[in-house]
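**Q** Take a look at the letters that make up each chain.
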Amino acid sequence: MASIPEDTLPPRAGPNEAARPLHRVIYRHTLPLRIMHWINAICLLILLGSGLQIFNAHPALYWGQRSTFDRPWLSLGAIQTRDGKLHGVTAIGTHRFDTTGWFGVSKVNGQSTVRGFPAWATIPGPQWLAMGRAWHFFFAWIFVINGVCFFAYALWTRHLTRDLVPTRRDWRGIGRSILDHALLRHPHGEEAARYNVLQRLAYLVVIFFFGGGVVLMGLAMSPRMDSVLGWLVDLVGGRQSARSIHFLFAMGFIAFFLIHIFEVIVTGLGNNLRSIITGRYAINAETRDETDT
Amino acid sequence: MKLILSPWLKKCCPAFFQNAGSGTRPDPASPDQADGLDPRRAIHGPRHPDSEERPDARRRFLRDALALTGAVTLGGCDKLSETDWAPKVLGSATALSHAAQRALSRNAMAREYSEADISPVFRPNGSTDPQSSEYRALAANGFHDYRLNVGGLVAHPLSLSLEQLRALPNRTQITRHDCVEGWSVIGKWTGVQLSRVLEMAQPTKAARYAVFRCYDAMDDGSEYYESLGFDDAYHPQTLLAWELNGKTLPIPNGAPLRLRVPRHRGRQRRLLGRPGLPVVRRHLKEWARSGCCEKSGHGRPWWIGRTDDRLR
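Line by line, the protein sequences give chains A and B.
Mapping the first sequence onto our numbering, position 185 (from 1) lands on 1358, and the numbers just tick up by one.
Mapping the second sequence onto our numbering, position 11 (from 1) lands on 1085, and the numbers just tick up by one.
Simulated from the structure, these hints should not be mistaken for laboratory data.
Ideal placement from N, C-alpha and C gives every residue a C-beta, glycine not left out.
It is possible that part of the hints are untrue.
[Unchecked claim] Only some residues are given here: those of chain A computed to face chain B with a beta carbon under 8 Å: (1) I1296; (2) P1297; (3) L1302; (4) A1307; (5) F1310; (6) W1314; (7) R1412.
Starting from the given sequences, assemble the full structure and let the hints guide the process.
**A** Written out as structure tokens, the structure is:
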């Protein structure tokens, strides 16, 4: 075994900081949390793909109890011009956008096809409603069971109260945290060992508002469940409203997913990935000094 | 977890380990840091955590990871959907959903709406104009020769004309119809409660389900059917309806007689007739198999499908 040359070692800590090593590895995510994170990631991916497949069966959304077919608030439709060409038209309220290739009309096996979301985004790819439903409801159960397990675990281990609920100090520093995020100045060193306030709020909103909401709105779309959840359906304004909100929560998950992936990359892809796979997360106090000076 | 993953990860995405090593205090005993076999290292000296090859490796890893995820999820799901076993596994969640819904909703009533909520047009769906000669003949005669036949596991097989059905105590309800595609319409339905017809026929103790054979045709021209458990069949809002919004049921909406189950998503459930409504012991799981999960038919769940010779 070769010995390590001196210059591969990180710079030594100053004598005044000798008590706390600049570089250390903490055990950030416990095994159950890591497993639940990845189960959740797979569920969300499949729920999204199969959800878009189901949406494609009637690619329009309404508010209220019933569909107002001539006045959807969102529709991914298609028109055929005189030369026979298909154009995808996305309508939001009274605004219409040509979204050929993406929404309304997209290529399936090289053929321009009328469909809401494109085949690459749906599970399964071809228009196949019942199979999309089969995928959706199977993974919805896993999503719910996993979510319940997470909640119980997070309460039991105090992960929720200790790591996710912002502290008083967090709330006081929220302005600075927003500014730091906007300037892509991320916490380093010891500050990175804990979730920052925006991170905490984002996780809480996604888990409880989006996660809880998307499940409740899914249940509110079931005619059978409506016989006992009528209050919930009325609360949001009707079954078609529930379908719209279910869709909006799904879009919220996509927004979260994009920001999540972005933050994972810019704050150290390798380190972050390692921590959510093996649990080990490296704290690098030296980097903080570099950025701060 | 780590022990299992590490060798695999090291093989598949070395970039993962390159990055993971940065920022940690190198352990002289760690083989990651101590293998002196990398030729680049021999020439250019030890690899520093911040050497410029990292972004490339990172990008490569990211690209590979994205491509892999995409291929595994989307392509994988498509391939799985075509197998015999995967749809069965996925379908197993349906039993769980049914059990949960039964336990939670029991005999709760579907919401009934007011006249003001009725949709201007009750959008038809599925087969809107059956073309079989038998159906055309019935329609030409205003469905006077139509008979609803109830048979199977019943003490008193029935054959009822529309006039006989109309003479039974009937019920009018304004309920919402939720299509499997996602849209909803609200309509006023008048008909006889299915429970009344079943009470007349007196199902035997072994009977558990009602099967509805329909004039609607499947994509391949075969007959469409659905089966309904007795808990739903005896629900007070389950109707055999002949009137929609105060008018005789039009052909596109399911003339002459249509099953309405407001607590179910409504797909077709229309035009029952012929020797319809056999009362049976079991769901038509095995009969449905031939019609299940075929692409052209949208891959239907097992409680609906097309009938075959065993039922005819």
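**Q** So, for every hint listed, does it hold in this structure?
**A** Here is what the structure says about each hint:
1. I1296: The hint holds - I1296/A has a Cβ within 8 Å of chain B, the shortest such distance being about 4 Å.
2. P1297: holds (4 Å)
3. L1302: Where the cut-off is 8 Å and the nearest Cβ of chain B is about 5 Å from L1302/A, the hint holds.
4. A1307: holds (4 Å)
5. F1310: This hint holds: F1310/A lies near chain B, its Cβ roughly 5 Å from the closest one there, short of 8 Å.
6. W1314: holds (5 Å)
7. R1412: R1412/A check passes; min Cβ-Cβ to chain B is 5 Å, inside 8 Å.
Of the numbered hints stated above, none is contradicted by the structure.
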